[in-house]
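Trainee: Listed here are the chains, written in short residue letters.
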Amino acid sequence: MTLSAGEFAAEPVPTMVDEAQGPVAGRSPWQIARARLRANRVAMIALFMIIFFVVIAIAAPILQALGVIDTTTLHPELVQGPGAMPTGSFGGISIHHPLGVEPQTGRDLFSRILLGITLDTAIAVAATIISVGLGVVLGLVAGFYRGAADWSIGRLIDLILAFPQLLMLIALSPVLVQRITDTGVPQGNPSKITYIIAVLGFFGWPYFARIIRAQVLSLREREFVEAAEMLGARRSRINFKELLPNLWAPILVYSSIVLPTYVSAEAAMSFLGVGIVPPTPTLGNLLQDSVNYATADPTYFLAPGLTLFIVVLAFNLFGDGLRDALDPRSDRAGGK
Amino acid sequence: MFQYVVKRVLSIIGMLILISVSVFALFFAVPADPARLTCGKNCTPAIIEANRHALGYDKPIVVQYFDFMKGLVSERDFPDDPVIAKNSPQSITHCPAPCLGYSATQGQLVSTMIKQAFPITASIAVGAFVLWLVGGIGIGVLSALKRGSILERGLVGASLVAYSLPTFFIGLLLLDIVSIKYGLAPPAGYTPFVDDPVAWAKGMILPWITLAMVFAALYVRLTRANMLETLSEDYIRTARAKGVPEWAVIVRHAMRAALTPIVTIAGLDLGGVLAGAAITETVFNLNGIGKTGVYAIQQLDLPVIVAVVLLSAFVIVLFNFLVDLLYAFLDPRVTL
Chain H
1 MTLSAGEFAA
11 EPVPTMVDEA
21 QGPVAGRSPW
31 QIARARLRAN
41 RVAMIALFMI
51 IFFVVIAIAA
61 PILQALGVID
71 TTTLHPELVQ
81 GPGAMPTGSF
91 GGISIHHPLG
101 VEPQTGRDLF
111 SRILLGITLD
121 TAIAVAATII
131 SVGLGVVLGL
141 VAGFYRGAAD
151 WSIGRLIDLI
161 LAFPQLLMLI
171 ALSPVLVQRI
181 TDTGVPQGNP
191 SKITYIIAVL
201 GFFGWPYFAR
211 IIRAQVLSLR
221 EREFVEAAEM
231 LGARRSRINF
241 KELLPNLWAP
251 ILVYSSIVLP
261 TYVSAEAAMS
271 FLGVGIVPPT
281 PTLGNLLQDS
291 VNYATADPTY
301 FLAPGLTLFI
311 VVLAFNLFGD
321 GLRDALDPRS
331 DRAGGK
Chain E
1 MFQYVVKRVL
11 SIIGMLILIS
21 VSVFALFFAV
31 PADPARLTCG
41 KNCTPAIIEA
51 NRHALGYDKP
61 IVVQYFDFMK
71 GLVSERDFPD
81 DPVIAKNSPQ
91 SITHCPAPCL
101 GYSATQGQLV
111 STMIKQAFPI
121 TASIAVGAFV
131 LWLVGGIGIG
141 VLSALKRGSI
151 LERGLVGASL
161 VAYSLPTFFI
171 GLLLLDIVSI
181 KYGLAPPAGY
191 TPFVDDPVAW
201 AKGMILPWIT
211 LAMVFAALYV
221 RLTRANMLET
231 LSEDYIRTAR
241 AKGVPEWAVI
251 VRHAMRAALT
261 PIVTIAGLDL
271 GGVLAGAAIT
281 ETVFNLNGIG
291 KTGVYAIQQL
301 DLPVIVAVVL
311 LSAFVIVLFN
321 FLVDLLYAFL
331 DPRVTL
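Same order as they appear, the protein sequences are chains H and E. Note that this note's numbering has the first sequence beginning at 1, numbered continuously upward. Note that this note's numbering has the second sequence beginning at 1, numbered continuously upward.
For the record, the hints were derived by calculation from the structure and aren't laboratory data. One should not assume that every hint holds.
To be verified - Simulated restraints, written as ranges between beta carbons of each label pair: (1) H/Gly133 <-> E/Val263: 30 to 36 Å; (2) H/Val55 <-> E/Thr264: 36 to 42 Å; (3) E/Ser11 <-> H/Arg179: 27 to 33 Å; (4) E/Thr112 <-> H/Gly133: 41 to 47 Å.
Note that the coordinates shown come from a computational prediction; the quantities given were computed from them, not determined experimentally. Ideal placement from N, C-alpha and C gives every residue a C-beta, glycine not left out.
Given these sequences and hints, build the entire structure.
Mentor: Structural data, given as structure tokens:
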């Protein structure tokens, strides 16, 4: 790591304190943070859950292509009655359909949830990358150049944050989805997915930019930046080689907070009618459709809802642990 | 102080003008034709053209924008056409200032719709605000005082669970399971407070709980972190050492300092909810600002979309300002 790591190296870790004898081994801040994270049982469980979901997210489209899971085949023989409700108990659970089938269409719910996880995580990750990218670049510029650049970026942030975000997410949909289709993205869901990623990413960057800017403002006064300047380092070198490595901690922590909110946002957009539409499954549109059967077919209502909840919870728990590990000041002041 | 207020008010006005310009530019670039939406099934191109002209949609966007802005301070007529005014004055809708426009789709003045919607949103916001503030801070303080206990873990865990549940999932669970299936809570609905305060509260209880659950979680975490930090301050030790009773140490010394930063977030959140709780209102079918906006977006009812977004932005910006003022009063270290 860089020599500029003092930010979170100050506090020794109780769990990793060496025995009294033996030389004290030097550890980089990253090693310290990793050790802290490992010692946090809840965060580790959450991490395993996240890995589990990521594996599902990657595997689902492959399984779909191989025909192991099937999200689209209609099973009219498995639904019956006036509401076309699934036959059998608990929403038609059977060996072939471990979570039952959808009312009306009879599509396999388990497969649809798996593929829904793929889309939801892909959207959330892509939107987070956009938010981080924009936020880091603009935050760096604002914090380092200050003056006019800082002022204009600051006003732009104020402007974006003044918009009612959720309302804008859905209000912009008719305008922008069409524009995206015009640029050559296939009509329908591909355009909608592009729109959701773009708009979530765009409304998220101001928060990143603010945090990065504040960090840069304090870092640029530090001796190691001064030293680099004295040695004649170029601006770009100072920005990317000296400052950026010190910004990874806040970037990671904040990404872990933002990512699950993007998963929920996808669901909220589906609920409000501007999300991705079936037959492409997302946790949001499954939940949105299942709302109509909340009392008649609780399995159908609870399965996507609880999946969504567990995904978001895992990210939140891990994010908490990450914050404790990387930023010793937060949450652990006092007590210990 | 006075100078600060004047400066801020000017910058707010500038901000709102910027927002209104961008909203107009965005929404009037919508692919849908607002004039087409003014008449139902028996539509002929001639009627569409007549309506387009009568409602001013044939004018350039810039002119439409200034017409809208003029309407905020002076009255307007819809349709604004001397020929119609002469031949059939009864078909003219008069819009007194501040005029927010006319929804041809719904045949109503936008200001009338907003006037009907706002009390509903305000009722939801105020009750939920009280609930989440009291609940969130109470649980937060309690968990800080009981640090390390099972109670603390349970409370913090529960708040994280509530935080991870999507808003509409909580709302639907409450609505479908608690209210409809088991009849444990009265169904949601709006009765004006002045008509019957009891019925008002009864109809609002589920939306209040829904919103409060989502927000309270954040306050639990913030309050807890701030309390822990404050309790480790030297002045708390001093207070204890000089024999101040423990409750006074906690309430007067610790809570006062720990809760001041929360005022900022509480104010911003209240502003956000007052700008329209789209999801909660949609779940419980309450025609507040948020649902009015969502419905208008689904119908591509441009005048309503523009008005709702602008109004929401105004509320958000206003609350930003109020929070800064309030903070200066509460925290003696802040000077404006």
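Trainee: All hints are to be evaluated individually against the structure, with a verdict given for each.
Mentor: So, going through the hints one by one against the coordinates:
no.: 1; hint: H/Gly133 <-> E/Val263: 30 to 36 Å; result: holds, 33 Å
no.: 2; hint: H/Val55 <-> E/Thr264: 36 to 42 Å; result: holds, 41 Å
no.: 3; hint: E/Ser11 <-> H/Arg179: 27 to 33 Å; result: holds, 31 Å
no.: 4; hint: E/Thr112 <-> H/Gly133: 41 to 47 Å; result: holds, 44 Å
Violated hints for the displayed structure: none, as all numbered hints are satisfied.
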